[in-house]
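Throw the hints in and build the complete structure from the sequences for me.
Protein chains: 2
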Amino acid sequence: MRLTKSFLPTLKEVPADAQIASHRLMLRAGLIRQTASGIYAWLPAGLRVLRNIERIVREEQNAIGAQEVLMPTLQSADLWRQSGRYDAYGPEMLRIQDRHGRDMLYGPTNEEMITEIFGQSVKSYRELPQSLYHIQWKFRDERRPRFGVMRGREFLMKDAYSFDADYDGAVISYRKMMLAYLRTFQRLGVRAIPMRADTGPIGGELSHEFLILAPTGESTVYFDAALEQQDWLAQSVDFHDPESLGRFFKDVTTSYAATDEMHDETAWKSVPADRQREGRGIEVGHIFYFEDKYTRSMGVTVNGPDGAAFHPHMGSYGIGVSRLTGAIIEAHHDAQGIIWPESVAPFKAAVLNLKPGDAQVDEICNRFNQLGGDAVLLDDRDERAGVKFNDADLMGHPWQIIVGPRGAKEGRVELKNRRSGERLDLSVDEAIERVLL
Amino acid sequence: MRLTKSFLPTLKEVPADAQIASHRLMLRAGLIRQTASGIYAWLPAGLRVLRNIERIVREEQNAIGAQEVLMPTLQSADLWRQSGRYDAYGPEMLRIQDRHGRDMLYGPTNEEMITEIFGQSVKSYRELPQSLYHIQWKFRDERRPRFGVMRGREFLMKDAYSFDADYDGAVISYRKMMLAYLRTFQRLGVRAIPMRADTGPIGGELSHEFLILAPTGESTVYFDAALEQQDWLAQSVDFHDPESLGRFFKDVTTSYAATDEMHDETAWKSVPADRQREGRGIEVGHIFYFEDKYTRSMGVTVNGPDGAAFHPHMGSYGIGVSRLTGAIIEAHHDAQGIIWPESVAPFKAAVLNLKPGDAQVDEICNRFNQLGGDAVLLDDRDERAGVKFNDADLMGHPWQIIVGPRGAKEGRVELKNRRSGERLDLSVDEAIERVLL
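Here the protein sequences line up with chains A and B, keeping their order.
Numbering of the first sequence is given in the working numbering, commencing with residue 9 and proceeding in unit increments.
Numbering of the second sequence is given in the working numbering, commencing with residue 9 and proceeding in unit increments.
There is no bait here: all hints are sound.
Here are the computed lysine-lysine pairs in the BS3-like style, where the Cα-Cα straight-line distance is at most 25 Å: (1) B/Lys20 - A/Lys131; (2) A/Lys131 - B/Lys363; (3) A/Lys13 - A/Lys356; (4) B/Lys131 - A/Lys20; (5) B/Lys146 - A/Lys146; (6) B/Lys131 - A/Lys363; (7) B/Lys131 - A/Lys13; (8) B/Lys13 - B/Lys363; (9) A/Lys363 - A/Lys13; (10) B/Lys13 - A/Lys131; (11) B/Lys363 - B/Lys417; (12) B/Lys146 - B/Lys301; (13) B/Lys363 - B/Lys20.
The hints are simulated quantities; they were obtained by calculation from the structure and are not laboratory data.
Written out as structure tokens, the structure is:
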């Protein structure tokens, strides 16, 4: 893809109100533009990242048998009156009246709606378990939006909801989601540590937040280094097998991990000192079991084997998709700009044409451009080399293929790895093999 | 994919308020559920159709060099005050106040916002032309929502916006979009006829609506049969070449086509009688050139070659993505249910297991299920054959692979084409070759 045919406007100045690195970098690298307080438009490079995150989240949800639906952004207030949350929810809920004066709201979450949809369609215990999810824009009217997409008002979230016949079933659904989450975050190139979270009046151990380590995180976190070293993608957990899931869950939850809210000094002391890790974390996911709270309040039942109606047990499972773009940058950047993990990068490589108009340089660049297709961004602007180097570092492409007139004469290019800074002098074919195949 | 592990709830009863076929069929086939007046949730089968439509729309927009962005659903009223539309827009605009009492709105369209984003980033004529589009949920507070997703309140739309230096450039952008639209609709399995539409005070010939022929259409349409017979996918229009685009545009616009609003009896009489077609149409797209209406009212300029600032010329280009699901069904159904074109079908084929538990039947079904992956729906329910036949016809899968115990013994299955009704007796390998390869 040619930069001169693209809409990839980088900014030279740092916007004054952007306090944290990800917010500054997302604006400077042309990923987003603010359109109102806490509300952003996603420009092409940002949208590519968002779609990459969505794709990985979706694949891992599908892998554990969750079914994708799409619920609307606006909801009727009556639905929330049934659960009692319409009045309970604070000013973060955006309340709306339509032209006929009917009370509506911009959904901050979807427990009520999914419970209603489930109740209309599922009548028998034989149709359980069910896990339904969607990836949709939500709105929370933050009093003081800040940190760019990390605490915006309109945000993209994946929220899943499980329905089971009983507690034992709900535990299995919960463990599947924990597995999917750990795999998802690892594929996104970040380490998200699951931490026990408050379950409120429901109690029990089935509430976990997932936090990415970053110096700008909102919470202090304490955890056993063992959790950082696990490779969740290599593990052969069989999600069809409750025992395999049980071992996995025990493995995850045995190691100490807590945010300051839930921190327990006594338990912490039992973690060997060389494995104690303390830092700051950004919440990017939350999984939570809440018994029959919504099926009961909304009067949703299914029939059991004995013909008697019962309220299914539910859990809900959120991932902050738009927030993750910021959180990934917080975890992966340097003074020059973003350092994208390959799995979410808007482009896998940038090809820097250092002398547009030079026949040999142009020819090599065009070859990369054609072979790379959508995965490669060709910087064919009539700009100084320094501008191109800076923009490529800022935008954080995992690879830079640098094509200058001297190397081109000998059919050679320079390949730079953005993360390590390593530079290799390669033939065109070697660079193609290394980056594009 | 196994039906028993899916969330594909069909309905037996026809909902009373559903007046047209597509609305009834979308509810019965479990594509959507109403969650509020004119607002729908998309269940898994419906979402698959929506995503297929989106994908084809996106591919054809990208093919003409348009860049995808994603603007938020909520907009600041101030933006619309700049263009003068905040007060001009009627009660269909959903007006909202946030917690600080600031006026906002749920975007019914995005001319203002895209003009602002463009203006922040593009400074020179050298960066023109630009075409930017997004596929995002919109809201229009219809007084009387009806016909399901065909006239809903929250709806998914692709809207593109072009920016050119002058009228001649705008004409080229407009023609590219017309080409993209004709290709898009043809790939979606429908014939959408472009019809001259009113340009209001701007005048000229650069406004076209695209209408799909269906008996339930809202407008009467008159057109030359020549327009129905064109194969836009086979045509080799070079969108980089203004002359090639010009010939294409002339070709399209020379043949008579008009809705009743724009109908001209004199011109109509000059169409040979055997080529006169009259019917009803559903509007699924609209392309429109409007000079510098928004760049002027919003004070957006770029610098020309002489250094003088000027207002770029714009056009806007909409496709009703969610509406298309209904419109495609209006054009493709019979008394038994939907008949999906393959390009948008939620599943390419259903495999009907007529005797779950029979080892040979199960084995053949599993083979199709494994090979077909996500494209195949295996009806493995413990239900009568009649229920499975009816549901498969209702859901409109292009192919049905019917596996019964008698055929299974000899390794044979029945393949039914949903559209033609044709049934073939085939070996398993022949059926695989026919449908899955």
